[in-house]
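So the sequence lines, in the order shown, correspond to chains A and B. For the first sequence, the tail end lands on 733 under our numbering, and the numbers increase by one without skipping. For the second sequence, the tail end lands on 733 under our numbering, and the numbers increase by one without skipping.
Don't take every hint at face value.
Note that identical chains are pooled: a pair holds if it fits in a single copy or bridges any two copies.
[What the hints assert, rightly or not] Simulated pairs of lysine to aspartate or glutamate, DMTMM-like, Cα-Cα distance not exceeding 20 Å:
1. LYS582 <-> ASP504
2. LYS595 <-> ASP504
3. LYS595 <-> GLU492
4. LYS724 <-> ASP513
5. LYS710 <-> GLU511
Since the hints were derived computationally from the structure, they do not count as laboratory data.
Number of protein chains: 2
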Amino acid sequence: MVLSEDALIARIGATARARGLVKGIGDDCAIYRPRTSEDLLFTTDFFIEDVHFRRREHDAASLGRWALARSLSDIAAMGGTPRFCLVSLALPAWADEKWFAGFYRGLKKVAAETGTAVAGGDLSHAGKLVCDVMVCGSVAKGNALRRDCAKVGDAIYVSGPLGGWRNRQEIVPRLDIGRKLIGKATACMDISDGLSLDLHRMTKASGTGAVLDRGLPVLEGATLDQALHDGEDYELLYTAPPRVRVPGHRIGTIVKDRPGRVTFMGLPLKPLGYDHFRR
Amino acid sequence: MVLSEDALIARIGATARARGLVKGIGDDCAIYRPRTSEDLLFTTDFFIEDVHFRRREHDAASLGRWALARSLSDIAAMGGTPRFCLVSLALPAWADEKWFAGFYRGLKKVAAETGTAVAGGDLSHAGKLVCDVMVCGSVAKGNALRRDCAKVGDAIYVSGPLGGWRNRQEIVPRLDIGRKLIGKATACMDISDGLSLDLHRMTKASGTGAVLDRGLPVLEGATLDQALHDGEDYELLYTAPPRVRVPGHRIGTIVKDRPGRVTFMGLPLKPLGYDHFRR
């Protein structure tokens, strides 16, 4: 890389403006002035070469989009609206100025679509590309959707077809659906590690079990195994009392059972989704 | 690693409680309820094996302390009080459960000393250890110390002796000094990339020059070159009108000059501090 850190930071350029963002890129910290009416949501997600993606399979702009969309999906899962992000990026030797510009072009595009300001971050070098994106979102006070409040008798939904992570380079974070679920859903999370593991986590946190006794919406070409266990789906998984009208596909029911126990078509479903340390 | 992600997260255990933290580890996002009287500060810093540290030179607890202290130094530089952090950690094969426990023991110790809650983060694997720590701090509304407000005629100070990064494994973030500077200092930042580069950045952002015409406080055993250019000092660099009493060592004066130009003992001082892409 011929450019200095300061020059690279200057290349990132202007991004979406965020309400409340007093100071973005350029000081030791970004400064945000909150409103009394809001709770703030914070999430961070790694995006690492040869762990989350292979560089030869995706262009720089797709990777930039993906890196931010992953974190935006967590904001969607809480019913929030994204405000700003901090982007930490460690660049290997192969990532030249052109790649850097492309990555930020993709990232800033999804940032602009969702009203997310790029407020800062960190730059470093590394043997393989490492990106870590922190997003701050906001939600009306007390209204955040949590994963630990599913109730026995609730219907279980997913926001869209599953099993398609290999087919999709452009994740669309389900921010609109998340916001629509406020005041309706009892529990909500995003499916980032696969339905079987994430539903296990939701029911364990809620002290309930679950039965999946309806057809799963599955993307064309995906197998049942992929729909049940593959990560990187980024659809929302949520529960609501059966009489409450919510968008999405009903896939089952929350039941009284050992916390975290899920059955699919009458058989126990193991939480086989993606785990970084058990593979 | 024999443990699953969920089991590792459970091992992190309880941390300092933060005022306003409605939900910490365990959901898609942490939830923070801000006060109207505060501005919030956000910073994130990488800490990467063979870039920022070599694992054989430091035990796990020292590295955990160091990883969080780096980011706390940025909160100190704005005059803030830390509230919570998000810790992203990608573990290589050599980092076993014992190392993980030690790392979090060191990190949680400095967290407890400074009142910083560990509110979440991300876990992954990687070829080399990568840590990225985001800290949220707070400061009374409108009171954050910035780097771009130094004024011609201001005295320039550092909070302690420079040039010692190789001698110190235990950084003490200068949170107390930062808070004392509120209402007194005109500009402030931390010295993370070396005095010559960071003073260049401060004066460039402020549209001024600077002269260093007093002796520099230097750690025993450090050379002048190390005091001027070495990174990882984590002392504060700040300016104040000469009649305002502030703690620290006066090292020079802000002058009218080309923005970013610094002279030392009458000669131009090049910004040679640490840059990830120019070495």
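Out of the numbered hints, which ones does the structure contradict? 2, 4, 5
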